[in-house]
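J.: Listed below, chain by chain, are the residues.
There are 2 protein chains.
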Amino acid sequence: MSDSDKQTEEKIFDAATEVFTEKGLDGARMQDIADQAGINKSLLHYYYRTKDRLFNAVFEKIAANMFSKFAPVFDENLSLEDKIRFFYREHISFLQRNPRLPAFLLNEINRNPERLRKIIATLDIEKFWDMLCAQNGKELEEYNITREKIPQIMTTIAAISVFPFAARGIFESLFKKIGIDFDTYLEERKEFAADFVIKAIKSKV
Amino acid sequence: MSDSDKQTEEKIFDAATEVFTEKGLDGARMQDIADQAGINKSLLHYYYRTKDRLFNAVFEKIAANMFSKFAPVFDENLSLEDKIRFFYREHISFLQRNPRLPAFLLNEINRNPERLRKIIATLDIEKFWDMLCAQNGKELEEYNITREKIPQIMTTIAAISVFPFAARGIFESLFKKIGIDFDTYLEERKEFAADFVIKAIKSKV
DNA sequence: GTCTATAGAAGGATAGAC
DNA sequence: GTCTATCCTTCTATAGAC
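Just so you know, the protein sequences line up as chains A and B, in that order.
Quick note on the numbering used here: the first sequence kicks off at 926 and runs consecutively.
Quick note on the numbering used here: the second sequence kicks off at 926 and runs consecutively.
Hint data in this document are derived by calculation from the structure and do not stem from the laboratory.
Here the structure is a predicted model, which is why all the values come from computation and not from measurement.
Any given hint could turn out to be false.
No distinction is drawn between identical chains; accordingly, a pair holds when it is met within one copy or between any pair of copies.
[Said to hold, decoys possible] Restricting the straight-line Cα-Cα distance to at most 25 Å, the calculated cross-link-like pairs of lysine-lysine (DSS-like) are:
# : residue 1 : residue 2
1 : LYS1043   : LYS1101
2 : LYS986    : LYS1101
3 : LYS976    : LYS948
4 : LYS986    : LYS948
Given only the sequences and the hints, what does the whole structure look like? Please build it.
T.: Take a look at the structure:
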């Protein structure tokens, strides 16, 4: 579908996604979005009333997508080890295609945590949590994973794949000084991350 | 020293630090900073000329502080294991006292990576890197750490302590749904993080 | 050095023609 | 539905009195 075939509302939404994820809510200008969409500024208001409504539409789409996309991995019929390997391959690949999303979401949620409530309300966190804990009886027991350590482990797993993208600006600058390529680092990270986590949870030491 | 004893320039700087770290460059208003400092708006311009110069002063102070504060840990006369334990205790405690710094720095650096260049230029990254690698001959060899894995390991170590603060808004919302207290999580993380990393790098599996 | 007042620019939003 | 023109508010920055 070429740009000219797209309906106006969709063109606006796509342009807004691009501009908001790059500049944030405060930094984005309605004029930037109109230019990006190739339409007039007042059309933004015709379709979305206010800047805030337009932002919310973009934010909710991205956030819901992000949160619902990877939770199912942990419900697959795989060994815990394979789940972890599968997760990092898929998750880091997804972030390579959408490198701005982590920084965008983290920043806007910190700035206005209320926005996240709606999305969280639509997700069944308790069910996901119960599902995770249910694995305790099956597989987690053979590792040294107790129920109360699951939040520490889950947030660590997420940190290892998400943080390099959130800190991309820092990493790229530092890597350049010691002759490391950021893209190569990311490719290697898919396997390193899985190895690292599996070794940590397997170790009895 | 009470507020009224502080010199005006210092009051402005402190107020700007507070407002910028909370709202970011784009979101911060000169009026907010003046109010916070308890002075008139035009005094900001008298001391710092423009909003951008004021922001740069704040940013450079914070960034330089952040980067130089913890690198020396890895040059201490401790075993690698003790260095890791010491680092997480100190680093997470520091972030508990300054919880907004990670999100602030990550966001502003991504938005304008050029700002970081000046700070990085003043740090001797190559020397820090050589120092890290020098440990290869001493201690790292007995673990399965090769020179080319050091960037993966160092970024992972950082991710584990920094990410919970960068993602604080998300974590707090999710934790609330399953009855976990964020502050308790952070306290437990000091030890969990060290254990996790040490187990991962010690494991021969 | 500190204030009041205001200039000057930018951005969000709307009215109204087509 | 889409455009032009413009209003109105907000914000940075400066001029000038004290």
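J.: Against this structure, judge whether each hint is valid.
T.: To see whether the hints hold, each was checked on the structure:
1. LYS1043 / LYS1101: between (40 Å within a copy, 14 Å between copies)
2. LYS986 / LYS1101: between (34 Å within a copy, 23 Å between copies)
3. LYS976 / LYS948: So LYS976 and LYS948 pass the 25 Å test inside a copy (14 Å) and across (18 Å) alike.
4. LYS986 / LYS948: Both: 17 Å inside a copy, 24 Å across copies.
Hint compliance for this structure: no hint is broken.
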